[in-house]
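J.: Chain order of the listed sequences is A and B. The opening position of the first sequence corresponds to residue 14 in the numbering used here, with each subsequent residue numbered one higher. The opening position of the second sequence corresponds to residue 14 in the numbering used here, with each subsequent residue numbered one higher.
These are calculated hints, taken from the structure and not from any lab test. Take the hints with a grain of salt, since some may be wrong.
Any copy will do: because identical chains look the same in the list, a pair fits if it lies in one copy or spans two.
Said to hold, decoys possible - DSBU-like, lysine-lysine: derived pairs with alpha carbons at most 35 Å apart: (1) Lys44 - Lys215; (2) Lys61 - Lys214; (3) Lys215 - Lys79; (4) Lys183 - Lys215; (5) Lys144 - Lys37; (6) Lys144 - Lys99; (7) Lys183 - Lys214; (8) Lys173 - Lys46; (9) Lys215 - Lys144; (10) Lys79 - Lys144; (11) Lys79 - Lys183; (12) Lys17 - Lys183; (13) Lys37 - Lys215.
Treat the numbers as computed from the prediction; the structure is a model and nothing was measured.
Here is what each chain is made of, one letter per residue.
Protein chains: 2
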Amino acid sequence: MMNKGNLFIISGPSGSGKDTVLAKVFEECPKLKFSISTITRPMREGEKPDGKYRFVSVEEFENMIKNDMLLEYNNFVGNYYGTPRKYVEDNLNGGYDVLVEVDVNGAKLIREKMPEAISLFICPPSFEVLKARLSGRGTESAELVEKRLEAALGEISRAKEFDYVIINDKLEDAVRDVVSVIKCSNLKVSKKLDFIDEIIKK
Amino acid sequence: MMNKGNLFIISGPSGSGKDTVLAKVFEECPKLKFSISTITRPMREGEKPDGKYRFVSVEEFENMIKNDMLLEYNNFVGNYYGTPRKYVEDNLNGGYDVLVEVDVNGAKLIREKMPEAISLFICPPSFEVLKARLSGRGTESAELVEKRLEAALGEISRAKEFDYVIINDKLEDAVRDVVSVIKCSNLKVSKKLDFIDEIIKK
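Given these sequences and hints, build the entire structure.
T.: Structure, rendered in structure tokens:
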């Protein structure tokens, strides 16, 4: 019997450097599957239909909600965002590890539906670094920076809901840490029961 | 407040290559502490008092038992073997990770006293490799090899009691896996609570 894959939920506020970390993690884990979000906002210029999102109509999305076809979803300024259940379940059943990138609310919803999921929170190394990263190139207003900082701190205060916290100070360390968690999850005894039986039955 | 260290319990039958793996793990994790066993058998020629064991008299050992100074102990052909509690607890409280190498019975006893311990079982990659490793250079009698094989399989059948199973096929992979488990344990959210509070209180 094949072992099911693991589901990894990753969250982190803007300023955590989450996207850069994840891009490198996927380079190091070529078999890891990325769960593409389904969204209803219009495609932007330059976006591809097979990129980071799958674009559907509001009607299609509401149909998915009705049929419990989403692991989590949210409505943000009039657009729906969600994680389709089928892609995740098919890949897990096929033995693949799947990674879902969602915000802290989405993480909570997925955890409720799939309590065996392993959740990681990517965190900036300090308040000062967070502030510097959010201020960016200094083109945003102080008010906007303050707002983004508030939102980031709100997310960080919920890091305690996660299984692992990855501090993204040096990129290569953060990548190595995420990869360690992914590897470790496959060393758990629950993944080795068939292997053990195979040896002792001889 | 400083985080306590993690206690790692490692077991594995002869033929698992456990000692070779551990020697490399300690090279890669210089801060990891090895819990030295206390034993009552006489020192062998060439053994040093500060090596792999601490040698005490039977009287001293039985005194340690009486005063609950051992996390686990055993009596094997008239000699006591045990894991002193103080060394482990002092280092954990000092923030150090500690590794204890014991058999499957010792692992069970330590787990009962310290349920937060993380246990790893080092396993040969197959029955055939196990048999080949135990046959060694062919100087042992078939009967002795058979006996050691039985004992090893008995231990492997109890691998299910452990948190992680490390398959020692290629040495460097097994070492990397053990190191991953050690690293992961320090990424758990329980180790990061102070860090999170530090950021959000600003």
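J.: I want to check one pair: lysine 183 and lysine 215. Are their C-alpha atoms no more than 35 Å apart within a copy, between two copies, both, or neither?
T.: between (48 Å within a copy, 22 Å between copies)
J.: Have a look at lysine 37 and lysine 215 and pick one of within, between, both or neither, based on CA distance no larger than 35 Å.
T.: Close across copies (30 Å), not inside one copy (42 Å); limit 35 Å.
J.: Please sort lysine 215 with lysine 79 into within, between, both or neither, judging by C-alpha distance up to 35 Å.
T.: neither (51 Å within a copy, 42 Å between copies)
J.: Could you figure out if lysine 144 and lysine 37 sit no more than 35 Å apart (CA to CA) within one copy, between two copies, both or neither?
T.: Classified as within; 24 Å inside a copy, 41 Å across copies.
J.: Can you tell me if lysine 61 and lysine 214 fall within 35 Å by alpha carbon in one copy, between copies, both or neither?
T.: Neither: 52 Å inside a chain and 41 Å across chains, both beyond 35 Å.
J.: Could you place lysine 79 and lysine 144 in one of the four classes (within, between, both, neither) given a Cα distance threshold of 35 Å?
T.: For lysine 79 and lysine 144, neither the intra-copy (41 Å) nor the inter-copy (57 Å) Cα distance is at most 35 Å.
J.: Quick one: lysine 215 to lysine 144, C-alpha cut-off 35 Å, is that within a copy, between copies, both, or neither?
T.: between (60 Å within a copy, 11 Å between copies)
J.: Check lysine 144 against lysine 99 for me: Cα-Cα at most 35 Å, and say if that holds within a copy, between copies, both or neither.
T.: neither (38 Å within a copy, 44 Å between copies)
J.: Within a copy, between copies, both or neither: which one fits lysine 17 and lysine 183 at a CA-CA cutoff of 35 Å?
T.: both (32 Å within a copy, 24 Å between copies)
J.: Is the C-alpha distance from lysine 173 to lysine 46 at most 35 Å within one copy, between copies, in both cases, or in neither?
T.: both (26 Å within a copy, 29 Å between copies)
J.: Between the shortest in-copy and the shortest cross-copy C-alpha distance, which are at most 35 Å for lysine 79 and lysine 183: within, between, both, or neither?
T.: neither (43 Å within a copy, 50 Å between copies)
J.: Is it within a copy, between copies, both, or neither that the alpha carbon of lysine 183 lies no farther than 35 Å from that of lysine 214?
T.: Answer is between; shortest inter-copy Cα gap is 23 Å, intra-copy 47 Å.
Violation of the numbered hints given earlier is confined to hints 2, 3, 6, 10, 11; the remaining hints are satisfied by the structure.
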